[in-house]
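J.: Per our numbering, the sequence shown starts with residue 35, numbered consecutively.
Simulated from the structure, these hints should not be mistaken for lab results. Note that beta-carbon positions come from the ideal geometry of N, C-alpha and C, so glycine has one too. Warning: the hint list may mix true and false statements.
Derived CB-CB ranges, DEER-like [stated by the list, open to error]:
hint	residue 1	residue 2	range
1	276	81	44 to 50 Å
2	236	298	27 to 33 Å
3	43	186	14 to 20 Å
4	226	69	21 to 27 Å
5	304	47	28 to 34 Å
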Amino acid sequence: MPGVAEAAAQLRAGGVVAFPTETVYGLGADAFNERAVARVFELKGRPRFDPLIVHVAETADVETVASAFPAEARRLAEAFWPGPLTLVLPKREAVPDLVTAGLGTVGVRRPGHETAQALIAAAQTPIAAPSANRFGRISPTTAQHVRAEFGDAVGVLDGGPCATGVESTVVSLTGEPVVLRLGGVAVEAIEAVLGRAVAVARPKQGGDEAEEGRASPGMLERHYAPGTRLVMVEDAAGLDPAGLGARVGLLALDAEPGGGWAAVEDLGGADDLAGAAARLFAAMRRLDEAGLDAIVAVRVPDRGLGRAINDRLRRASL
């Protein structure tokens, strides 16, 4: 298990390191080293049309990867950085096209996790990183999740469980503000800072072949999926689990054991959707490892971080 200094040295030498952020664990490489970035894609099995987010230590470092930092982007950075918000901005030529899927934009984030901040500062370079899991699968929120995905192939900097537990919200600021991915900052909070309504883009449909570059990661229609079939429902009351298989699990707010469920994961109460988001991916992983025939996930209130939870569940169920 590398420490910060060792992990930073690996990054400077062109290596790949998994590291914690407040959202999920990332699989990082020097953002300016194309060969190292290619290794990230190889390890994940990630298609080249899906761009990576570049993580910086300080807000001032945005200008090392972005050619413009509009006023509204600065307002959002002041309000939510360091934290779970990614800003899509015009990129500098120095950023490899592999990082940005050949697009003229780059997603930039200043993470709020102290270990991530220390790593980026010690590496002395922005870090390009997607989530540290196989492409399309459940995102990791502990170092153990990363090791389960990659074994000894990747060194993991252990920073404990992720506090936010879902990926960053991604906002494009290359024109009118648009939320490209729901995540750890609620849309309502972004609108409050900007003083106006903000559009939310829909994930794109279609397969992986011959895809054009996407402006943000996490825009595929199916994503964040367990290996076990997941069915999303409005309400599990009165639902007979036997109709879906011999062993069926339940994922819900205020979930209680019994009722014919083979396994139950309680995400907490509706008054703490941030806590539910933090618990979501770990709960999905436990159910996926429980030898179930299916998982029933109950929709949560579609407000605040509940919108991000429902987004992940919907795409995992397709």
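J.: Does each hint hold? Answer for all of them.
T.: Evaluated hints:
1. Remark: the range hint 44 to 50 Å for residue 276 to residue 81 is contradicted by a beta-carbon distance near 38 Å.
2. As the Cβ distance of residue 236 to residue 298 is approximately 32 Å, the hint placing it in 27 to 33 Å holds.
3. For residue 43 and residue 186, the Cβ-Cβ distance of about 18 Å falls inside the hinted range of 14 to 20 Å, so the restraint holds.
4. Distance hint for residue 226 and residue 69: a CB-CB separation of about 42 Å, inconsistent with the stated range 21 to 27 Å.
5. Range check, residue 304 to residue 47: about 48 Å between beta-carbon atoms, so the 28 to 34 Å window is missed.
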